Amino acid sequence: MTLAFEILLLILLITTAAGAILVKDLISSVLILGFYSFLLALVWAWLGAVDVAFVEAVVGAGLATVFFLLTLFGTAPKDTRIRRPAPPLIALLGLPLLGLLLLYAAEDFPKFGDPESPASAHVSPEYLKNSLKETDTPNVVTAVLMDYRAFDTLIETAVIFTAGIACALVLRRNKE
Amino acid sequence: MIHAHDSVIVRTTSRLLIPLIQLFALYVLCFGQYGPGGGFVGGVMLGASLILGVLVFGPEAPPCLLAKKLIHGDGIGLMIFVGVGGLCLIGGGEFLNYSNLEIPWVDTDARRHHLGILLTQVGVAADIAVTAISIVFSLSLIDNGEETHV
Chain A
0 MTLAFEILLL ILLITTAAGA ILVKDLISSV LILGFYSFLL ALVWAWLGAV
50 DVAFVEAVVG AGLATVFFLL TLFGTAPKDT RIRRPAPPLI ALLGLPLLGL
100 LLLYAAEDFP KFGDPESPAS AHVSPEYLKN SLKETDTPNV VTAVLMDYRA
150 FDTLIETAVI FTAGIACALV LRRNKE
Chain B
0 MIHAHDSVIV RTTSRLLIPL IQLFALYVLC FGQYGPGGGF VGGVMLGASL
50 ILGVLVFGPE APPCLLAKKL IHGDGIGLMI FVGVGGLCLI GGGEFLNYSN
100 LEIPWVDTDA RRHHLGILLT QVGVAADIAV TAISIVFSLS LIDNGEETHV
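Residue numbers (numbering that gives the first Met the number 0), protein chains in the order written: chain A, 0 to 175; chain B, 0 to 149.
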């Protein structure tokens, strides 16, 4: 049952990813990308990363789609069809090789959920053990993001603020 | 320019949905410490509800006027975040070390961290909501006399 669900998700992911690239109409491409983000959110939730799934669903499927659509309507409202040249031979040969190389490297990854893996052996146990006692916050992800790693979040917020300011500086026209 | 949407179905549905989205966004923001979610998602959802209002009801309707006012608050969220860090500095500790938040009625260390996390989440949410609206305005309100179809 679970394997069937995983394979179905994988097939849908690959189909939508390929569809977003291959489809000629850019608006359809954006909508397919939104669906792709939604499927990716399902994958995150399936892997147990509920917070990441939430962000992926809200930002990837919601906000980014709106931004893409607004950009499309603002730039090319009439002609959204594009022509693509055929891919060069070296890409056709090299990319499968790269994929094989990545598959070969993936063999060395620690098993999923392995308690001995570096990711879950270094600081994660400390967070899991102490975050409720120290921060009174049952959700460990929030505690890590907003307390133990507050500097990262601060800079992240500054980056988003800068993105908004940059968009306004580049795109907004003066009202004459 | 953005035009008001003329479909009755879209307008009625949005009128029903926008308060619900905002309510859920506030829920996600306030309960980010107990469940999935938090400042980032709550902020994006608040911004998305306002964007929906702007896109559906057009540039002269109250949602867009509210959003235009809100744009002037760009940066307030970041200031809240940095301000909490500054309060920790004033309290005599490191920047963003919530143990040093000097709030009179909060006595234990864990409660101080809890409050610090909540306040910084509000800051993140405000920053992201305003930035989302700001980017939508930048992308759609092209004020050079031409009409682009949105």
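Hints listed in this document are in silico derivations from the structure and should not be mistaken for laboratory results. Because the structure is a prediction, the values reported are computed rather than measured. Every residue gets a Cβ at the ideal spot worked out from N, C-alpha and C, and that includes glycine. Some clues are possibly wrong.
Stated by the list, open to error - Chain B is faced by these chain A residues, among others (derived, beta-carbon under 7 Å):
no. : residue
1   : Glu-5
2   : Lys-23
3   : Val-57
4   : Leu-69
5   : Ala-167
6   : Leu-170
Tested hints:
1. Glu-5: At 21 Å from the nearest chain B Cβ, A:Glu-5 fails the 7 Å test, so the hint is violated.
2. Lys-23: 20 Å, violated
3. Val-57: 5 Å, holds
4. Leu-69: Given a least distance of 4 Å, the restraint on A:Leu-69 holds.
5. Ala-167: With a minimum Cβ separation of about 5 Å from chain B (threshold 7 Å), the hint on A:Ala-167 holds.
6. Leu-170: Holds: closest Cβ of chain B sits about 4 Å from A:Leu-170, inside 7 Å.
Violated hints, in rising order: 1 and 2; the structure is consistent with all others.
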